[in-house]
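Undergrad: Here's the letter readout for the chains.
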Amino acid sequence: MYKKFMKLITFLSILITPFLLVNTKALAKTTKVGFVYLTTPGDHGWTYAHEIGKQMVEKEFGNKVKISVVENVPEGPDATRVIRELAKQGNEIIFTTSFGYMEPTLKVAKEFPNVKFEHITGYKRSKNVATGNIRFYEGRYVQGVVAGLMTKTNKIGYIGAYPISEVIMGINAFAQGMRSVNNKATISVIWANTWYDPVKEADAAKVHIAEGADILAQHTDSPAMLQIAEKKGALGFGQSTDMGAFAPKAQLFASINNWGPYYVEKIKQLRNGKWNTGDGPNHWPGNTWGGMSTDMLLLSEFKNMPSDVAAKAKKAHDGIKSGKIKIFAGPLKDNSGKEILASGKELDDGALWGMNYYLDGVTGKVPK
Amino acid sequence: MLIFTPRTIQSNHWVLIGPLISIILTIIIGALIFKMLNYPVTESLYQVFISPFSRVDRIADILVKACPLIIIGIGLIFCFRANIWNIGAEGQFIIGTLCAGSFALLFPENNNHILLLSMFLVGFLGGALWASIPAILKIKLNVNEILVSLMLVYVAMLFIDFIVRGPLRDPMSFGFPLSKPYPDGAIISKINFPGIGYLGQLHYGIISILFLAPFSWFLINRTLPGFQIKVFGSAPKASSFAGFNKNKITLGVLIMSGGMAGLAGVIEVSANMGQLQPEVSFGYGFTAIIVAFLGRLNPYGVIIAGLVIATAKLGADNAQMILGIPKVVTGIFEGILLFFLLAGETIQNYKVSLKRNS
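As you go down the protein sequences, you meet chains R and V in turn.
Every letter in the first sequence is one number past the one before it in our numbering, and letter 5, counting from 1, is 5.
To get our numbering, take the position in the second sequence, counting from 1, and add 1000.
Just so you know, these hints were derived from the structure itself, not from any lab.
Please note: incorrect hints may appear among the correct ones.
[What the hints assert, rightly or not] Far from chain V, some chain R residues (derived; all Cβ distances over 12 Å):
{"hint": "1", "residue": "T40"}
{"hint": "2", "residue": "K124"}
{"hint": "3", "residue": "K155"}
{"hint": "4", "residue": "F246"}
{"hint": "5", "residue": "P248"}
{"hint": "6", "residue": "R271"}
[Stated by the list, open to error] Here are the simulated EDC-like pairs of lysine to aspartate or glutamate, each with C-alpha atoms no more than 16 Å apart in a straight line:
{"hint": "7", "chain 1": "R", "residue 1": "K66", "chain 2": "R", "residue 2": "E92"}
{"hint": "8", "chain 1": "R", "residue 1": "K127", "chain 2": "R", "residue 2": "E71"}
{"hint": "9", "chain 1": "V", "residue 1": "K1313", "chain 2": "R", "residue 2": "E265"}
{"hint": "10", "chain 1": "R", "residue 1": "K88", "chain 2": "V", "residue 2": "D1057"}
{"hint": "11", "chain 1": "R", "residue 1": "K368", "chain 2": "V", "residue 2": "D1170"}
{"hint": "12", "chain 1": "R", "residue 1": "K124", "chain 2": "V", "residue 2": "D1170"}
{"hint": "13", "chain 1": "R", "residue 1": "K184", "chain 2": "R", "residue 2": "D360"}
{"hint": "14", "chain 1": "R", "residue 1": "K266", "chain 2": "R", "residue 2": "E60"}
{"hint": "15", "chain 1": "V", "residue 1": "K1190", "chain 2": "R", "residue 2": "E92"}
{"hint": "16", "chain 1": "V", "residue 1": "K1327", "chain 2": "R", "residue 2": "E111"}
{"hint": "17", "chain 1": "R", "residue 1": "K368", "chain 2": "V", "residue 2": "E1345"}
Idealized CB from N, CA, C, for every residue including glycine.
Using the sequences plus the hints, can you model the full thing?
TA: Rendered as C-alpha cells:
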C-alpha cells in the first residue's frame, strides 16, 4: 500500500513537474523594453535624466529585461519608423521620451495593439498609449522659497523655454514659494524660445544679471545659465539633473527628474498583466503625473546657502511631499490683481494645464 | 610629393568600379573599428549594411528617408552646375512647406486633391521666392550667395517657429506648438499594395521622383538653358562672350533649386506629418548638398546617392537598436564612406603619381 502510494506520488510529481517548470519560466520571462531618445544622453539635461531612469530599470530587473535604445531620433517621420521598428522587434513596452513623439507614437500604437506605449509629456492617449510626466513645478516652489530668502536685490531672473502651460505653471509655483517668505521680491521672465541652446541661455542670464537679478532660475536644459552665474557671482538652480559640477559655487540646488520609479512601475505592471491606461474619456486616466510624493522629482543637496535657509527649504520640500503644502491653494490673484481662485479652494490638474496668466510676484504679461 | 595630373581620357569602368571599391574599403575599415570597440564584427556589419534591405518594408523606409534628399538634391544640381552656391536649401524647404501648409489650412473642410496640387504650386513658389532673395542680392549688389542663402535658413527656422506658436497654433493643443491637422485633401496617402497592404510609410510622393529626375536630366542635357547653365558654370568668360545673360541664369537656377526644395517640403510634410510643427526639416537641405555631389551632379546619380545616404542612416538606427552601438560610431561610418567615395572620384579624374623632391 505504502509503495503504491509512493508510486502514485512519484507519478503525479512527474506529471506536475513540466507545469512547475513552465510556471517558473513564466516568472523568469524576459521583458523586452524599448526607449527612444531625442538626443545622445551626454552628461546633463533631459535625455541624460532618462538614461539614468533606464539604468534604474536595468538594476531593478537585471536580466529579466532586455533593453533597446535608439538615440538622436528627430521628431518627424524618423520617429515613426524607429518606434515601429522597435515594436516589430518584439519590444513589449516602448517609452518615447519627448513631446514631439506624440503623433508618431499614436500612429504606431494603432498598428500594434498588443504593444504598450508610454509617451513622455504628451496629452493624447489611446487604448495602448499611456503618458507620463513629472510635476516639475513642485521643485520650483522650493526654489522660490530659497530665492525669496537669499535674494538681496529682490530681483529674480527666470529663463523660460516657451510660453506653454507647463512652463507657466512652473513660474507661478516659483512665485508662490517666493511669496511665502518674501513680499517684496519680483520675478522677471525672459523667453529663450528654445529648450536647449547654451548661447541663448547664457545671453538671457547675462541680461538678467545686468538688470540687477542676483538669483537665476531656468526652465531650459543647459548648464549655461549656472556657468554665467558662477562667473558673475550670482546664484541659481539646476535643471533636470544635478548641475553642481558645472557651477560648484553658484548652484543652490537642482530639481532632478527621476524617471526610474515610473519606468520600473510600468514594467512591473506589464509583467503582472496589470498595465492599463484606465477608462473613460481619454484625458486624465492613463496619465502618470508624479512628483515628490512618488520620488519622481528629487532635489539635489542644498548648497551655497546658510543652514537656516536650507532648513526652510527642506521644510518646504517635506511639506509638498507629504501634501501638507498646497502650492496652488486659494486665494490666488494674478499679477494684475484679478482674482483667480477664492480662498479655501485649490486649482485642479486641468486648471494647471490651462494656465495662461502670471500670479502675483511675476512682472510682465504672458506672451500671446 | 604627390602629383595630381588630370586624366585626359576618363575610364568609363571607374564610374562603376570607383564607388564599389570605396564601399569595400569602408567595410574593411568599419570592421576594424567594430573589432577595436569589441562589437561582434559580422553582426555589426550586417546591421549597418545589410539589415536595411532585409525586409520589404525596410526597403520602403529607405525610399521614404531618401525622398526629400533626392528631390532637393536634383534641384541643387542646377545651382552647382552653374557654379552658384546655394547652401540654403534647408530654409527654402521650410518656407515652401510653410506657404503650402498655411494655404492648406485656409480650406479646413476640403477633401479634394486639387488642393494638394495647388499646394505643390504654392510650395514651389514659396521656396523659389526664398531662393530668389540671394539671387537678387547677388545680381543687384554682388552679395555673396553662400552667406545670404545660409543665413536665410535661420530666418526661415525662426519664422516657422513663430507662425506655429502664434497665428497657426491649434487652440486644442494645450499651448503646444502644433498647427491644426491638414484637411484630407492636403494629405498624401500611403501606398496600399493590393494583397500586401502598407509597406512602412511608403507614400505616393515617391512617384514624383520618377518625373522630376528625367525632366531635370532633359532640361540640363538637351535644352539651351541647360547648356547655358553648364557653360556659365565651367567657363564664365566663354558664356559672356556667347552673350548668355548672367543674371537670368543666376536667378533661374536659384528659383529652380529653391522651388524643388519647397516641393520636397510639401511632399515630406503632407505625407508624413499632416500638420505644421516647429521643426519640419531635419537637416535634409544640408545633407542634400552631399547627396548632389555624391551623385556627381547628375539627376540619376542623385537618386542612387540619396538611397546610399538613407541606407547608412537606417543601418545606424538598426545597429543601435540591436547591438547598442552608439550613433556616433555609425556616424563615423558615413564619414568614411563619403571620404572614400570622394577620394575615388579624385582618382578617377586625376592620375596620381609619386615624385621625389630633389
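Undergrad: Compare the structure with each hint and give your call.
TA: Now the hints, each set against the structure:
At roughly 7 Å from the closest C-beta of chain V, the C-beta of R:T40 falls inside 12 Å, breaking its exclusion from the interface. Its beta-carbon lying about 10 Å from the closest one in chain V, R:K124 breaks the requirement of being farther than 12 Å from that chain. For R:K155, the non-interface assignment is confirmed: its Cβ lies about 27 Å from the closest Cβ of chain V, beyond the 12 Å cut-off. Non-interface call for R:F246 relative to chain V: holds, since the shortest CB-CB distance, roughly 22 Å, exceeds 12 Å.
Remark: the non-interface label on R:P248 is consistent with the geometry, its nearest Cβ contact in chain V lying 29 Å away (cut-off 12 Å). For R:R271, the non-interface assignment is confirmed: its Cβ lies about 22 Å from the closest Cβ of chain V, beyond the 12 Å cut-off. A C-alpha spacing of about 10 Å is found between R:K66 and R:E92, which places the hinted pair at or below 16 Å, so the restraint holds. For a cut-off of 16 Å, the pair hint linking R:K127 to R:E71 is broken: about 26 Å separates their Cα positions.
Under the criterion of a C-alpha separation no larger than 16 Å, the hint pairing V:K1313 with R:E265 is inconsistent with the structure, at around 34 Å. Our distance criterion of 16 Å between C-alpha atoms is met by R:K88 and V:D1057, whose separation comes to about 11 Å. Annotation: proposed proximity of R:K368 to V:D1170 holds, straight-line Cα distance about 13 Å (limit 16 Å). The suggested pairing of R:K124 with V:D1170 holds, with an alpha-carbon distance near 14 Å, which does not exceed 16 Å.
Our distance criterion of 16 Å between C-alpha atoms is met by R:K184 and R:D360, whose separation comes to about 11 Å. Proximity of R:K266 to R:E60 is assessed by CA-CA distance (about 12 Å); at most 16 Å being required, the pair is judged to hold. Only pairs whose Cα atoms come within 16 Å are accepted, and V:K1190 paired with R:E92 is rejected, the gap being roughly 26 Å. A distance of roughly 27 Å separates the Cα atoms of V:K1327 and R:E111; the hinted pair therefore is violated under the 16 Å criterion.
At roughly 54 Å between alpha-carbon atoms, R:K368 and V:E1345 are farther apart than 16 Å, so this suggested pair is violated.
Of the numbered hints listed earlier, those contradicted by the structure are 1, 2, 8, 9, 15, 16 and 17.
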